[in-house]
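Novice: Given the coordinates of chain E, work out where chain F should sit on it, guided by the hints.
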Amino acid sequence: MAASSSLKNMALCLTGVCLVCSAILGGVYVLTQEPIARAEKANLQASLSQVIPDGYEISIEPVYREMDGARYECYNAAGAGENEVATAVKSTVNGFGGPLTVLVGVTSDGCVYAAKVLSHSETPGLGAKCSEAASHFVQQFSRFDPSQKSLKVKKDGGDIDAITASTITSRAYALAVENAVKLMKEDSYE
Amino acid sequence: MSKLGLITKGFIKENPTFVLVLGMCPTLATTTSAVNGLEMGLATMFVLILSNIVISLVAPIVPDKVHIPVYIVIIATFVTVLQLLMQAFVPEVYKTLGLFIPLIVVNCIVLGRAEAFANKNTVLDSALDGIGIGIGFTLSLTVIGIIREILGSGSVFGAKFIPGDGVLAFVMAPGAFLVLGYLMVLFNKFAKK
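Going down the list, the protein sequences come from chains E and F. Position 21 of the first sequence, counting from 1, maps to 21 under my numbering, and the rest follow consecutively. Position 10 of the second sequence, counting from 1, maps to 10 under my numbering, and the rest follow consecutively.
Isolated chain F, as found in the complex:
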């Protein structure tokens, strides 16, 4: 597969949200607005790229029987680093995402890519895979966030353009499932040939 293909496959062909259907917990919970979705996507991408790089480096020397604990420790380290950095430099973002940052440790996308890709590919390929899947995840979350924000609060990225309160259900959990479901239908109809 070409290097460019490694990045772009994460957008549509192996889109983590609509095709692989991984990492549903942050997808449903943090996409109440476009900004939240975008920030969550970027945070996950940061961990994904770094853990992919490091795991592809250490994979040859890790005994098979303990590879999952080793990967989890590596991922948890990066998540904690991210958490500390966010607390220090973007406390506002940290406040809105809060609980969902530590939960990146158990995000299936991160461990899934480590297992399915990083431990049998080169460092460069793993980094590109991390970037691709990360961008795909970020885009998906942002799109869900935009739709929920328009329907739920009448605004996009905080800029209000529809007066009034919007449909409350879309800000809450049922709206997350509805938007995700319909987007998946559209995605499978048009994008996945």
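Just chain E, same shape as in the assembly:
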């Protein structure tokens, strides 16, 4: 049944199969390129609208700011009023299981509007709760005013309730928010 395993046959067969497969892949790649870009854009837009106040016009072109040698990806947004601006900062810190990236929306008065986890590798069921938008831990960062309260977990003398049994994750998350607030504060002095 199978063709004989001569060198010519083997080379022909492998070449043929690889050619056909690469052609298929190339075709699918071209076809899906646009939908993938659109899906990524929609995803970013959805994340941004969760941390920026309603009614603000969000620019999805990233701008970069630097602080302490680290580069932060930021997205600006403008409200209807003259001084109504907000910025979403992509802030990455070391979590318990790896990098923890938090998108933090900071309004022009220096307050945190909301924060949301973009990617994490925290322990499922423990630290991973930092990505549940409805949890108390995440909610307490909404409309957070850093001039009134401290962005440290209670164990470190601050005002943030840590996630039970996940102090390191909570600390990292609070640090990510704090960095974003600091970044925007430094920026406004310039």
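Calculated from the structure, these hints are not laboratory results. On a predicted model such as this, the values are computed, not experimentally measured, just so you know. Keep in mind that a hint or two might mislead.
Partial list, derived from the structure: chain F residues whose beta carbon lies under 10 Å from chain E [claimed, not checked]:
hint, residue
1, THR32
2, ILE74
3, ASP125
4, LEU168
From chain F, some residues computed to sit far from chain E (all C-beta separations above 12 Å) [said to hold, decoys possible]:
hint, residue
5, LEU4
6, THR8
7, VAL19
8, MET24
9, CYS25
10, ILE61
11, TYR71
12, GLN87
13, PHE100
14, ILE135
15, VAL143
16, ILE150
17, GLY166
18, PHE187
Pulled from the structure, derived: some chain E residues nowhere near chain F, Cβ distances all over 12 Å [what the hints assert, rightly or not]:
hint, residue
19, GLN50
20, GLU61
21, ASP68
22, ALA78
23, ALA80
24, ALA128
25, LYS155
26, ASP159
27, ILE168
Note that the Cβ used here is the ideal one computed from N, Cα and C, for glycine as well.
Specialist: The following block gives chain F in isolation, referenced to the frame of chain E:
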């Protein structure tokens, strides 16, 4: 074997998870919830059916000495196609399954069916075999996912019905082994006569 038998043998008699014990890596890793298990099962089924069809078509012209590389290239092509399609049309699902989609390439079920079935049977039979084994795998993963989700988070398909946090261990790796082990025991006692 009847055509219907080709499909149904994948459910119980040759169930890929509990009887053949193949593809344990995605089985253990992605069944943290019922939805994840179901999605992983469907993704594998897609690749399994298509690769079975194509491999049964090309088997007669592939020289014996290079059949494994040829099969792997075919399987990898379908997996990459699936990956691109998922990124484009169901980005949410792609995000949760992420790494385990490319790993379907080395899933023993897919290559196992190619070697054990598709390369010596007709196209129709191979397609039916792919459907049967695929459904069996999907059902197994969904059942494991349902049990882990009930015990671990107190919910089924995301609908919470037990308040509180549930037993954390069942969401993590040890729970996967425990549930799989007990299900295998039950399966062998009742289903495999």
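Novice: Take the hints in turn and mark each one as holding or not.
Specialist: Now for the hints, and whether the structure bears them out:
| no. | hint | in the structure |
| --- | --- | --- |
| 1 | THR32 | 6 Å, holds |
| 2 | ILE74 | 7 Å, holds |
| 3 | ASP125 | 15 Å, violated |
| 4 | LEU168 | 4 Å, holds |
| 5 | LEU4 | 27 Å, holds |
| 6 | THR8 | 28 Å, holds |
| 7 | VAL19 | 29 Å, holds |
| 8 | MET24 | 19 Å, holds |
| 9 | CYS25 | 17 Å, holds |
| 10 | ILE61 | 6 Å, violated |
| 11 | TYR71 | 9 Å, violated |
| 12 | GLN87 | 5 Å, violated |
| 13 | PHE100 | 15 Å, holds |
| 14 | ILE135 | 25 Å, holds |
| 15 | VAL143 | 20 Å, holds |
| 16 | ILE150 | 14 Å, holds |
| 17 | GLY166 | 8 Å, violated |
| 18 | PHE187 | 26 Å, holds |
| 19 | GLN50 | 15 Å, holds |
| 20 | GLU61 | 21 Å, holds |
| 21 | ASP68 | 30 Å, holds |
| 22 | ALA78 | 28 Å, holds |
| 23 | ALA80 | 31 Å, holds |
| 24 | ALA128 | 9 Å, violated |
| 25 | LYS155 | 21 Å, holds |
| 26 | ASP159 | 24 Å, holds |
| 27 | ILE168 | 17 Å, holds |
Hint check: violations occur at hints 3, 10, 11, 12, 17 and 24; the rest are consistent with the structure.
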